[in-house]
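**Q** Next come the chains, spelled out residue by residue.
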Amino acid sequence: MAKKLAALDVNKCIGCMECMFACSRRVGRGGFDKSAVRVRSAGGIERGFVIVACRACENPPCAKVCPTGALRERKGGGVILNEDKCIGCGFCAQACIMGAIFWDSERNKPIVCKYCGECANYCVHNAIGMVEVKAEA
Amino acid sequence: MLTKAKDMNRVLYIDLTKKDNKIEDREDLFDEYLGGSGVAIKLLEEECPKGVDPLSVSNPIIFAVGPLTALYPSASKTVAMFKSPLTGNLGESHTGGRSAMAIKLAGYGAIVIKGSSDIPVYLAIHGDEVKFKDASSIWGIEAVAVGRILREVEPGAGVRTIIRIGRAGEKQVRYACAVCETYRHFGRLGLGAVMGSKKLKAVVISADKSIEIPKEKRKEYKEVYDEIQDVVVETDAMEKYHDLGTAGKIYDMNKLGGMAYKNLESASAPEEIAREFSGENIAQKYLSRRVSCAHCPVGCIHLASLRELYEPGYYFKTSTIPYDNETIYALGFMLGMKSAEDYLRLIDVVDRIGMDAISTGVTLAWATEAYERGIITKEHTDGLEFHWGDVQVYSEVIEKIVAMPNEFYQNLAKGVEHVSSVYGGQDYALAFGGNEMPEYHTGIACYLNNLTGARHSHLDSAGYDLDQKLIGKEFTLEEVVRALLKEEEWRQILSSLVVCFFARKVYSAERIIKALDAIGIENWTEGKLEDLGRVIHRAKMDFKFREGFDLAKLRIPKRIFEVPTPHGLLKEEDVRKAIEIYGEMIGRDI
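Residue numbers (the working numbering), protein chains in the order written: chain A, 634 to 770; chain B, 5 to 594.
Quick caveat, the hints were computed from the structure, so don't treat them as lab data. Check before you lean on any hint, since a few could be wrong.
DMTMM-like mimics (lysine to aspartate or glutamate), calculated; alpha carbons at most 20 angstroms apart, straight line [unchecked claim]:
1. 203(B) to 57(B)
2. 667(A) to 216(B)
3. 321(B) to 679(A)
4. 26(B) to 50(B)
5. 219(B) to 679(A)
6. 518(B) to 227(B)
7. 259(B) to 328(B)
8. 289(B) to 739(A)
9. 645(A) to 526(B)
10. 223(B) to 739(A)
Now the stretches of chain B that chain A is said to cover, found in silico as 3 or more residues with beta-carbon under 8 angstroms [what the hints assert, rightly or not]:
11. 157 to 168
12. 492 to 505
13. 552 to 561
Don't be surprised by glycine CBs; every beta carbon is placed ideally from N, CA and C.
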């Protein structure tokens with residue numbers, strides 16, 4: 634069954650950013666410029682945090698606007714990026730009103746969640762986790 | 005933007021006088037001294053001329069991070085170094101928040117701020133871009149609101165730090181702090197006053213880089229990372245610091261009789277006060293959120309939510325207020341507060357105005373006792389009556405410390421060492437080496453820590469911890485001094501890497517060596533680390549001695565010998581003897 638990342642309980646998020654670091658660590662980087670998940674305060678830490686991650690939409694708007702077919706729908710929800718086809722137009726990022734498509738400015742390509750769950754492995758407080766796509770549909 | 009670990013050896017030099025900046029590669033410093041405290045003391049030696057007025061144009065501010073920053077869990081602190089306007093010698097203060105991650109991933113190992121601006125400015129550092137921006141419109145604004153304003157006008161949401169001062173810093177109150185991410189502080193020793201003297205209202209730094217782990221090291225890096233992460237999560241740190249936070253030890257410390265109460269009138273508050281201020285009680289009534297520094301899973305920062313009626317007719321306000329062990333001591337116990345609510349209200353006042361909570365509490369505690377004893381009268385206080393636990397008056401006093409309407413408040417703004425030298429009452433002026441004392445009255449080790457520690461901070465050598473371990477045991481003064489010195493030397497390594505002291509048990513020498521090796525910093529051994537700890541400690545002490553610090557002239561307030569500790573009454577001759585032993589051990593015979 635296809636899985637996706639989900640914000641299980643944003644109230645448990647302490648803003649440690651370990652998910653962001655984990656995502657970029659997958660490609661051998663310390664930092665988060667390759668991260669497909671972001672956490673920021675909801676306008677001041679007292680208001681808590683916002684977790685921005687791909688929801689693996691059914692019928693995803695990002696794929697709909699891709700002019701080259703680089704983004705195609707994944708079975709069960711979400712998208713898969715074929716980087717070879719991507720021309721870096723940025724339409725996908727604009728189409729995602731969640732802001733969950735980030736930008737790799739070095740390569741001029743979108744950063745799209747691969748639903749691997751590496752970030753969730755480091756979320757000690759269970760604010761995010763992997764869920765089966767169907768379970769939520 | 006991709007960069008290599010060694011490119012993080014860059015130092016950004018900013019000149020506020022000329023509104024200019026340059027970047028230099030200081031591999032020489034980072035190779036030898038790692039980062040953090042080690043590199044900062046070397047930069048301070050280079051940049052701070054002997055004998056300068058700490059509030060003059062010549063005093064530099066140095067921020068430094070380390071090789072583990074942004075690469076390992078709980079390596080989350082930034083070291084600030086400067087000449088302290090409070091003690092007149094070494095100023096060193098640490099903070100977390102997002103500061104360390106932001107500095108490192110903006111591409112710097114350290115930032116040196118020199119000179120002084122003619123107009124109020126704030127610095128906007130976004131990666132390699134450094135801008136001086138007019139801060140005239142935010143001058144005079146409280147620290148919390150400044151953060152709110154700069155959040156809107158500067159980029160980098162979520163990946164930046166905003167370090168700023170309140171009105172206390174602008175007015176150069178000697179114990180003004182710099183506030184970071186609203187709830188974190190470069191609290192001690194007056195960084196806020198130094199920023200104020202430079203007309204530097206804030207520094208915004210945002211990350212735009214990441215560090216490449218060499219291909220051949222990636223597997224090793226991940227393994228070491230995971231080992232450290234597991235240990236961080238599984239040690240008692242999580243339970244100790246996450247659940248109730250540092251406030252969790254308040255009740256037990258009071259019960260032990262090691263908690264200074266009402267300017268150390270006693271070392272234990274009445275049971276109902278201890279229960280009121282216990283971590284359990286505050287958490288149950290007020291805890292609203294736990295947050296963490298960037299790249300630390302612990303989440304030790306505890307925020308309280310306080311709902312208050314402020315005007316009749318159902319006008320309520322809800323404030324979010326950070327609380328922890330040290331502020332409960334300084335603004336709660338020391339001031340004889342009766343309710344946690346009053347204590348929270350006072351923290352809010354202190355944080356907004358931007359003063360160090362410990363120094364503020366200890367200074368107000370001295371003033372209250374001095375008023376009770378008649379040394380200080382209403383003529384001095386501009387009509388205010390000082391009484392224990394009077395949050396309303398204390399709030400007004402704090403306003404007056406910043407407004408400085410008369411000579412008394414000008415003196416109060418210089419700390420308890422100074423104000424007691426003017427009006428008397430030094431026997432109960434609880435400062436050590438010029439810095440207001442931290443919580444503990446646990447035995448001789450905590451006071452040796454306060455007296456001989458390079459920062460006169462309880463975190464220098466954790467004397468309070470040693471005292472508790474020594475209860476019921478026989479020990480010699482030499483053993484105590486040696487243990488404290490060893491601890492302080494080792495902590496120089498932690499604060500050079502820079503890892504949080506709360507994760508000190510995680511970062512053993514063995515793990516540090518592995519962690520460095522996995523990011524391509526090789527050839528460190530336990531012996532080399534220990535040697536370096538000693539070298540950094542001595543360099544810091546040398547700076548202190550250069551600026552006039554004198555072990556023989558350390559003032560010890562009589563009060564600490566009048567109140568029993570868990571080890572019984574302390575004797576001045578023992579403390580003096582121990583200071584002598586300390587002097588011999590570091591090659592500075594008295």
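**Q** For each hint, tell me whether it holds in the structure or not.
**A** How the hints compare with the structure:
For the given pair, residue 203(B) sits about 16 angstroms from residue 57(B) by alpha-carbon distance, which is consistent with the 20 angstroms threshold. Restraint check: the Cα-Cα separation between residue 667(A) and residue 216(B) comes to about 11 angstroms, which is no more than 20 angstroms; the hinted pair holds. Only pairs whose Cα atoms come within 20 angstroms are accepted, and residue 321(B) paired with residue 679(A) is accepted, the gap being roughly 14 angstroms. Proposed proximity of residue 26(B) and residue 50(B) is supported: the alpha carbons are some 16 angstroms apart, at most 20 angstroms.
Restraint check for residue 219(B) and residue 679(A): not satisfied, since their Cα atoms lie roughly 40 angstroms apart, outside the 20 angstroms limit. For the proposed pair residue 518(B) and residue 227(B), the alpha carbon gap of about 10 angstroms is at most 20 angstroms, so the pair holds. Using a Cα cut-off of 20 angstroms, the hinted pair residue 259(B) and residue 328(B) holds, with the two alpha carbons roughly 18 angstroms apart. As the CA atoms of residue 289(B) and residue 739(A) are separated by approximately 49 angstroms, the hinted pair breaks the 20 angstroms bound.
The straight-line distance between the Cα atoms of residue 645(A) and residue 526(B) is roughly 38 angstroms, outside the 20 angstroms bound, and the hint therefore fails. Restraint check: the Cα-Cα separation between residue 223(B) and residue 739(A) comes to about 24 angstroms, which exceeds 20 angstroms; the hinted pair is violated. For the stretch 157 to 168 of chain B, the stated coverage by chain A holds: 3 residues have a C-beta nearer than 8 angstroms to a C-beta of that chain, and at least 3 were required. Beta-carbon proximity to chain A at under 8 angstroms applies to 0 residues in the stretch 492 to 505 of chain B; the threshold of 3 is not reached and the given coverage is violated.
Counting residues of the stretch 552 to 561 of chain B whose CB lies closer than 8 angstroms to any CB of chain A gives 0, so the stated coverage by that chain is violated, three being the minimum.
When the structure is compared with the earlier hints, violations turn up for hints 5, 8, 9, 10, 12 and 13 and for no others.
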